[in-house]
Each structure stands twice: as structure tokens, then as C-alpha cells.
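Residue numbers (this note's numbering), protein chains in the order written: chain A, 1 to 346; chain B, 1 to 346; chain C, 1 to 346; chain D, 1 to 346.
Please note that a few of the clues may not be correct.
The list treats identical chains as interchangeable, and a pair is accepted whether it falls inside one copy or across any two copies.
Quick list of in silico lysine-lysine cross-link-like pairs, DSS-like style, CA-CA up to 27 angstroms [claimed, not checked]: (1) 251 with 226; (2) 64 with 3; (3) 64 with 257; (4) 42 with 121; (5) 257 with 42; (6) 257 with 224; (7) 257 with 205; (8) 205 with 258; (9) 105 with 125; (10) 112 with 257; (11) 143 with 93.
These are computed hints drawn from the structure, not numbers from a lab.
4 protein chains.
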Amino acid sequence: MKKLKAGVIGATGYAGFELVRLLINHTYIELAAVSSVSYTGKKISEVYPQLTGICELVLTDEDKVTEDCDIVFASLPAGHSEPIARRCFDEGKIFIDIGADFRLKDEGDYEKWYGRSFEDKELHKEAVYSIPELHRNNLKGAKLIANPGCYVTSVCLGLYPALISGEAEPSGIVADSKSGATGAGRGLSLNTHFTECNEAFAPYKLACHRHTPEIEQVLGEAVKNKLRLTFIPHLLPANRGIESTIYVNLKDNYDFKKLRKAYEEAYADEPFVKLLPEGAIANIKNVKYSNYCHISLHEDSRTGKLIIVSVLDNMVKGAAGQAIQNMNISLGFDEVEGLGAVPPAF
Amino acid sequence: MKKLKAGVIGATGYAGFELVRLLINHTYIELAAVSSVSYTGKKISEVYPQLTGICELVLTDEDKVTEDCDIVFASLPAGHSEPIARRCFDEGKIFIDIGADFRLKDEGDYEKWYGRSFEDKELHKEAVYSIPELHRNNLKGAKLIANPGCYVTSVCLGLYPALISGEAEPSGIVADSKSGATGAGRGLSLNTHFTECNEAFAPYKLACHRHTPEIEQVLGEAVKNKLRLTFIPHLLPANRGIESTIYVNLKDNYDFKKLRKAYEEAYADEPFVKLLPEGAIANIKNVKYSNYCHISLHEDSRTGKLIIVSVLDNMVKGAAGQAIQNMNISLGFDEVEGLGAVPPAF
Amino acid sequence: MKKLKAGVIGATGYAGFELVRLLINHTYIELAAVSSVSYTGKKISEVYPQLTGICELVLTDEDKVTEDCDIVFASLPAGHSEPIARRCFDEGKIFIDIGADFRLKDEGDYEKWYGRSFEDKELHKEAVYSIPELHRNNLKGAKLIANPGCYVTSVCLGLYPALISGEAEPSGIVADSKSGATGAGRGLSLNTHFTECNEAFAPYKLACHRHTPEIEQVLGEAVKNKLRLTFIPHLLPANRGIESTIYVNLKDNYDFKKLRKAYEEAYADEPFVKLLPEGAIANIKNVKYSNYCHISLHEDSRTGKLIIVSVLDNMVKGAAGQAIQNMNISLGFDEVEGLGAVPPAF
Amino acid sequence: MKKLKAGVIGATGYAGFELVRLLINHTYIELAAVSSVSYTGKKISEVYPQLTGICELVLTDEDKVTEDCDIVFASLPAGHSEPIARRCFDEGKIFIDIGADFRLKDEGDYEKWYGRSFEDKELHKEAVYSIPELHRNNLKGAKLIANPGCYVTSVCLGLYPALISGEAEPSGIVADSKSGATGAGRGLSLNTHFTECNEAFAPYKLACHRHTPEIEQVLGEAVKNKLRLTFIPHLLPANRGIESTIYVNLKDNYDFKKLRKAYEEAYADEPFVKLLPEGAIANIKNVKYSNYCHISLHEDSRTGKLIIVSVLDNMVKGAAGQAIQNMNISLGFDEVEGLGAVPPAF
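Based on the provided sequences and hints, a complete structural model is requested.
In C-alpha cells, the structure reads:
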């Protein structure tokens, strides 16, 4: 089978690198082009010595990537993906946006949380937003894919079965999430300066993180009703991983077994989402460097709360891995192709 | 002024060492004896080379400590403090329990959460439980002091002003706490094996941690009513510090300014509890190695929640430092004596 | 092609798990059996939840592994591999020892450094010791392979070209090595307790680490002469990786270009050993989770020293990955099969 | 006793903050002024929330500090201290330079390693360079004190007794040093970005670090002869501490006991330098946050090497603490005043 050519725009950012890392070993893909605004003209292995002797592509610009490739991944700041997506769309190429431009369907939400409007309103209608476990059916043949936010994936995979089970209240939910520092990207900041982040811990963007409306969009669709939740992210002194501890009010006469069953059924055939056995507790360390999401369920019968623990690797299942999973489904490849690495234990 | 003699039982555990570290520099105290079950007969500086040339006391047994000292600190597993406390009490000595034996006032709670009963019921009536900022008035002249749990201190200092302000609902509270690994002590376990704890993150003892009834006791007294909350602790890949993110439902017509004012008033004269200015976010790194507790307040107006961030050093304000603060008040010393170290920035 | 059956004895130790992790994705191997003394009868995914839904083999005993498999890997404490190796050898199976039993060829050295003698002297003659880049030619068809120590691989790959170049003195070499904490294994100890290892750093086993005679054996063979060096290992507060900074006296009229050329030639065709360009500095972070070894060369012209920096992942190129590389060569597979993962950047 | 007024120029850098932290609790000093180029006009507690409620000084400029204070500490980039030192000197104030301007006595060395010349040659003659344990006698009444580099202190305290013992060769010495990331300061860089520094390890500035000639100056004076050594620094994934593993050739008929005795005698009465008992190994964790330096001695009899392990906290004994120790001696205070904090164990 002839390989398809894929390229990565924004390849020297952390999510961009992760795409490169995973695409290099994809059976049906040839990594054909990579671009970077800051390092154009350099070999990517000069920026990432990890790639020495593995990938010696020269970093080019975004035009070259769209020109040379059948599939274009873009990992760019808000607002930068739209025009590239349009070009790809018009030329019949597949565009997968790791950024946020096509995630929110309601332009009002986008304006409120991102401070900008949709430039190309028509194009937004073409975008397929996909956490594959929830939206797999929309993906077949999609040309413009909006890859979800990392926190969004963690919280929505954790909450979805509870909400459709009928055992939990959709109101009053609290999601307390913690992310490794790769979530802040490669850009320098005092918060991610080693000596300020190490042996430190705090929340950030309290009640104002941009992933909030995206979580509410996905879950609102699930319960077919507007849904509001409290979402607070924290910065972990660790490189990778997101852990979400999610607090949900159980209905008055809830049946915890039925609730657990809803999770078992929802994820029984999923290759990447695993409900842990009773008594086990999901831990970031068990999914890092992999596309897996682990979920554990806990009951606080004293207060009538369900506590869901959902963990994933923010750079893989929360970004690059999920993008490849989306691509695999869209193109009819085996869903797990390129994503088979076993999570290391340490 | 003649120094009083103080001793530490269980001096080679982490809280015990921390007491030693702080007592060495206390103006009115002479550290006169230290004991350890595992290392009796060794110099404490052999177990903790940090003390080389600073403290060369030989580790003895608990009898020797109670005999030689006017003030006895004990940092022992549940059930071990009671008989020592009795002996001290009968001999008119001051006993400060860093452990849990005298924290819960309701024996039923103690039986339920600790699986054991009060052996010496009379003695429990003498115990003064004290987070100094909330219970300072009870301390004067106290002979038997129950030092609070680390999580309890963090959550209660964070919640107390909100609850008495009348702006927040006492029901439905969620406290999502994260602790550095010193909280697990010096005993070896797979969870605190470096390669299992580093680059990892997860909750533990979900909805069944023993600090839960203690938090409910302190806050229930504050609101003069039974109170239930959901408390979930997590293990941080860091040595020290507790961060609690606390979610509280605001009353329907709440006034956030009034709520903030309640905190300002509650802690205006407190030497160790600091309400951060609006916009600032409390961070473990700003209080580590110190007796300070920082609190920041945040509003999620979309969901009507108050989010309180409360941070402290689990080994100082959460254990040894608070014990010394309690001792200072009880004995009429300057409350900050021995606790004046400025928190390092890194 | 029918897959060969491989098994891992000691599969719940760190090197054992790493073998499992890598063998699961090997094209020509079926992981058929795993054993553990401590967890016999449990599923390996209960011990390592990373494997949930990926590998659900039940942990058995060593007899079952040797019985069921064509290729047996053993990761065991000193002295435990010999009898298993004998059984495999007699039954015509391939035995690859991740432990130390067959590394030293001189029984006197073994007695001195390991405090035990060769039980089965005949069998030792059959063992092929192999760092593939140095001993590839011995491997073809080998039935009993002694996999080198992690430090040994790092130091010898770093030093070998310098020694055969004729530009460096073989005497007076100092190797100052630092290893991540996985090197100490999964067994609990105070040194690897999180709070004792984190924010700490020190050497250990100064001038008495068992890898010393093994380094001297490999390099002595290279220079065809007895060689002595000073080797000091240190424990890094990190999970993975070995960095060796190696100090070598340059000959009086040394030619640094010629020396660099010796490295270029030695490793030009090597898939896993990369000489970094001038000016670059080898870093553990660029090889972690991979089978790569990066080497950078530096000159201190003021003191006439060559400084070699050699880095690898102690669990992959230093243990499990190199074992698979050895197996691949021995069995005529593509040398890189199963080892193609691109090193992550973070 | 009336307190003397001290000020810190460059107070928002890491060494500057550390001076502030320690001076706040000094019995005979009032911290009277702090300056910062980047944050002038802000309260220092806004930059360092650690100081909330502890120190609310407003950051001013360097002129204000020199004007208001009797003692001026400056922690500035190379070349910036000279003119301030001149002003202080002319006004009879004490100037203590944490920076490098007055460390090297040979202008040729300064030009070679710092790329700049002495602007005020006369002033350099007044400077007293002091590692107190080696140069205490020069300090009495000194007005212009050059505080040594962090690595220099670690290596020289480690080597000095060996060199004067007559048992060790002064040539061929190798110092392999590792520093926590605070050594790189508060300025942002990719190398100290959390995700690039965490789980990473490498040397830097190989054979070209500016502390090299300073080490050679101090030790050359000790042996009354020119001395050259190989010095290689590494960046540790930890906040604080320097560990130096130092390799020295022992003389042919060396007597290790005599050598050890030289250390015992050199540091017998030193409050801050501790020779560890035989068998113990110096570890960064035992001195962090303190002014102590621990030294352990090890023999490699196979290769005739002495291995010295020397550890200290780079920000305290390697910078701010040593500066205060120098000040204490110069002004006739108790040498340990303000430096009595017991090192924490975790």
C-alpha cells in the first residue's frame, strides 16, 4: 500500500513534536514535511536532538507543508489554523487541527472565551469535532477534524457514562484537574521555570480556563440540555499527564452497580479507554507516553457523591495520539495503528 | 530565663525530626531527650546526618523522655500516645500529641474511623484540641494538647471564615487536597518508592481518609451543627506541602465582598495565616519550610461556587510547627517564637 | 513467519517489566510466559496496571517459562541464572541473562567482586558477552548470551574508539557516572524512598561497584592489555537514564581531529549509537525510553584531557533493549526490530 | 546594640532573595533597602509572595540602597559591581560583592575568562577574597569583600586539606560538579524550562566555566604554585545544592590516615564544615537550606586515587550564607549569627 504523505505545521512546539514522534512509526503514513516559524531552515534534529539519525527533515514553512502533503496537522495558537484549513479544504486535503479554532460550535462562546470571532463561518460547518469514543460515527470521511482539548478529553471520557446512566445529576459537577507541565508548552514562563515549578503546586486560571465551554458543549450534547460545571486546572510538578478528580451528585435513589455498568458498556470495546476494576485507583503513571485513558469510580455514600478519577497523557490521548486516532478512523485505517506503544511503568 | 526541657518521642519519624529541627533553635526550650523504637542507642545524627555537629543526642526510649522533660511531644501511630499522655498528665507535665489519639471527641467517630476505642476515657476530657487560629482561647495553661491533622488544618483554616460569614452553604462542600510525600512518613512503601511516586499522580483513600471526621468536627463546631463534606486526598510528586482546593456553594444572594471581608477580619491579626490579595493564587512553594498558611479566594459566578485555595507546609503548620505554636501559647511564650524562619523561594 | 515464543523470568522486576513492554510489540516474538517469585498466580496487569487490556498473562514460575518458550530472558539476582541457563542450554533453547552470572570471564574477578564462584564452569565457556556494537561478530547463533551491565555499556561505548585511536592513554581514566533511580530496581530502600531521593544527590559504592571489573574486562580486551580505571556511580533524582562523564589523558602530541574520526568510523553504521556534532552535549533526556546511546566529545586543552559524555537509558540500551538487540542479531532478525520507538522529548 | 543597616542590590535575583531571606532574621542587621532593575516601585512581596506579611519593602534603585545603608550587598552580572563598590568604598561603607567582579586577582585571567578588563584597578587592590575557612584572617575590618563562586567554595573546601597534607599530587585533578537549577538563576532559558530540565541530566560549559580560574587561584595560593585542574559542571534536576566528586592522584607512598588527619585538623573548629565519619557519604540533601558543607573521603587503592565528595547549598554556603558569614567575621559578630537554621531532612 502506498503511504500517504502527512505534514505537521508547528512541528517544534510540544504537541507538534509529539505528532512527529508518533507519525514516524505509522505504517501507512510518510512524514513528508514539517514547519516552524521560529526555526525555519534548520533540521528538526537540531531543535530536537532526540531525532538525530531518525528524522533529518528540514523545517520549512506552512505553505510547503500544505503543498507537499495529503494530510496536514496543525498545532498553532488560536486563530492561526482557520486560513490553512480553508486552503486544505478547497484542495481536498485532510486537515486536523490540534489547536482550538474549530472546537467550539457556538460563535458566541468562542467570542466570549477566546476574544475573537469566526472568520470563515462556512468552514466551521464542515468541522467534525471528535473524541473518538464519543463521536466516532461522525468521523468517517471527515476532511476537517477539530481535535479536542486535553482537559476536555479527560473530563468528558470520565463523565459521559455517568450522565447517560440516569444515576447522576448533571448539575453541580466539579472537575478538579491537574496537568503536567508539558501542557503549558515549550514557551518560557516563570511558572514553568524549573525552580518555580518543581516542589510547587497551585491551581491556575480558576473558573476561566478556555476548556470549560468545550467540556460543557460535549456534555451538553450528551444530556441534550445545557450543562454548567465548575472546572479548575492545576499545574503538576511532572512532565506529562492529566488527572481529573470529578465530583458528581448522585440521584436520591441511585444504584451504584447500575452506574458502574454504564461505564462497562460504554467502554467495553474501546481499545484505549479502560475502566479499572473496583478498588483500583487510576494514576497518571500508568498511562504516560501512551494513548490510554484509565478511569476509576468511587462512591462517597456519606455525602451521596460519585467520584470519578480519569487519567490520560495530555500529549498523547490529550493531543497528538488522539489526532492520529481520529485520522485512522477517518481514513479507514486500523484505529490503533501507530498508537500501540505499551505504557512504560517508570 | 531558665530554659524548659522538652523531649520528642518518635524522633526519627518525619514529624519527630521536624520537631527536633525546630526545637533546637527555640529560645526558651532545651531539647533534652529524644527517643526512637528502631534506633535506640544510636546518635540521632547517625540517622539524620543533617544534625552532624548540631545535635548529638543519643536516642533513648520513651520512659527516659518523659522522665527527663517538662514538655513531651509524641509522634506515634494511633493508640500509642494514650498511656504516655496519662503518665505525663499525672506528673504535671505538658504532653503534646502530634498523633491522632486525642483529636476526635466523639468516641463513636474514633471507633468507626480508627477501629479502636478510648482506653482512658477520663483523660480524653482533659485534651485540648487546637488549631490556634480557631481555638487559641482554649489553650492557656493546657496540659494535654491534641495537635490537629495536616489536611484538617489546611481545610479548616480555608473554610472557617466562609462558614461563619453567612454567605456560603455548609452542605455539599468538596475539599480536593494534595499532599507532598512527607505526609506518608519515613516508612517504606511502593507508593512512595521514588520511581513509582515521581512523574505520577493519583488520589488515595478516596472518601475514607481519617482526617474526614476531624474536619467535620472542627467545622461542625463552627456552624454549631452537624456538617458533612467530601474530602479526597492526593499524593503529589513533591516532598512537602498541602494544597486544598475547596468548592463551596454560595448562597443565592451572596455578596462576594462581604465574604472576602469575613476572611480579612478572621485573619487580620494572625501572624501565620495570610489572605492573599485579589488576583493572587496560593501556591505550596510560597509556604514550604515555614509555619505560614496562605489562602486565596476565587469566585465562579457561572456556577455560584466559591473556590478557596489553602496551602501550608504539612510538616510545619500541618504538624511540628503548629505543635510549637500551640506550646508557645499554652506556656505564654511569644506565639511566633522558634517559628520565624522566612519561607525560602526555591 | 511463525513467531517464536519468548518468556521472561523475573518479569515483575524493573528490567523484567521492560522486557515485557518491548517484547509485546516485537514482530517475530510471541510473549508466551512470564514468571515472578513474589506474585505467582496473579495477572501481570494486577502488578503493573499499565498492562490493563494489553497483556493479561498470569505470572507463573521459572519452570513453566523454560518449558513453554524457545527464548528465555532472565532478570535475577546474582547466582540465580546459572541453573536455568544450564537447563535451557541442554534443551537447545536460547537463554539471555540480564543478570550478572555470565558477565565476568575471570572466575577470580567474579569471586572477588560477587563473593561467589562459578558453579557450572563448563557452561561459562559457552556464554557470549555482548555489547552489540563491540561484539556483534560473536553473536551469530549464540545460545547463551550475557547481557552487559548498564554502566558498563555507557562507559565502554564512550571509551572504546578513544582507546583504539591511539590518541588517548589507557591509564588514569576516571568514569563519573550518574544513574536514574530505576537502576536500583523495584525493591524498597531508604535511599530510593521518594522524599530521600528527591532533591538529593550523592555517589554510592565508591570504588567498589561490581560493574568496575566488567568495564575493565571489555576495555582490556580492546587494548589487549590489562586496564584499570576509577569508576564512581551516583544516584540521580530522576527515573531513567545514565550519564557518564569520562576523563581521559590525551597523549602528548594528540590530534583531536583524528580522535573524533575514530568515533565517526566506529559508529558510522550503527543504528543506535550516535556521535553528536561538535558543540552539542549529550543529555539523558534525548535518549530516555529508547535504545539510543548519544556520545559527545570535548577537549580540555589546558590540561590535556579528553572528556567524553555518554548517555543512554539504563533500562533500554542498558538492559532490556540491548538484550533484544542481542537476540535480534543472534537470530538473524533485523537488528532494530522491536526497538524503533522514537525517543520522546519530554 | 543598635542594628546596622544593610541593603541588597539585585534583590529579586535568586542570590539576592536569599540574602533578603537570611538578613531579615539577623540579630544585628536591619534590612533597610532592596533594589531591582526589573521591578522598581513594586513591593518585594509582590515579586516573592513568600514575603507576604514578613517584608513589605518597596524595591528601589541601587543609589537609594547605597545611600541608606551601612552595608551593601550586590548580586549583579559581571561588570556591574565595580562602580557601586567604588562609591561605597569612598563613603566608608562595607561592600560585599556576590558577583564576580573582584574574585580574580590576575587581570589577565579576568580578561581571558570574562572578556573584560578591570575598570578601576586601584579598587581591586582593596578587595578581600574570602572563603572564610581558608581566608578568615584577611577579613577583619575588610571594607570590600569578594564573595567566592558556588562551585569554587565546594571544590576548594574539598581539596584544600589534601593539597597541604603532602599526600596528594596537585596535578591531574578532576572536579566533576553537579549543581541544582537555582545556580542558573531566575532568568528564563530552555535549559531550565521545567519540562527540559526535569528527568534530564547533562554537563554544560565543559572545560570553559568561569569558576575554573578562580578555583585554580585559591588552590594555587594554597600550594604556592601554579595549579591546573579539569573542572566540569553539570545541571541537576533539583532546586538546590552542589555536589563535587573530586579525583586526586595519591602520592606513591601515601598514608590515607595521615590524609584524613589533615582534614580533621583543618576543619576541627569550623562551625560550618563537617568531615563525615569513615563510611559515610556526603549528600546534597543533608546540607540544603543551610550554610553547612559536608565532606567525605574515599580511597580507590586499586588506582591510587583519593575521591573527595564535597556538598553544600549553592545559594547559602555557595552564595548568600557565605556572604553573611564573611560580613559577620569582618564586623566582629559571632560567625554563625543569622546562619543557625538546622538543615531540614526533606
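Hint check:
1. 251 with 226: Both, since 18 angstroms and 22 angstroms are each at most 27 angstroms.
2. 64 with 3: Answer is within: at 19 angstroms inside a copy they meet the 27 angstroms cutoff, but 43 angstroms across does not.
3. 64 with 257: neither (54 angstroms within a copy, 38 angstroms between copies)
4. 42 with 121: For residue 42 and residue 121, the Cα distance exceeds 27 angstroms both inside one copy (36 angstroms) and across copies (45 angstroms).
5. 257 with 42: between (57 angstroms within a copy, 25 angstroms between copies)
6. 257 with 224: within (24 angstroms within a copy, 36 angstroms between copies)
7. 257 with 205: Only across copies: residue 257 and residue 205 sit 20 angstroms apart there, 36 angstroms inside one copy, limit 27 angstroms.
8. 205 with 258: between (36 angstroms within a copy, 23 angstroms between copies)
9. 105 with 125: Classified as within: same-chain Cα gap 8 angstroms, cross-chain 62 angstroms, threshold 27 angstroms.
10. 112 with 257: between (40 angstroms within a copy, 25 angstroms between copies)
11. 143 with 93: Within one copy only: 7 angstroms inside a chain, 52 angstroms across chains, cut-off 27 angstroms.
When each numbered hint is compared with the structure, violations occur for hints 3 and 4.
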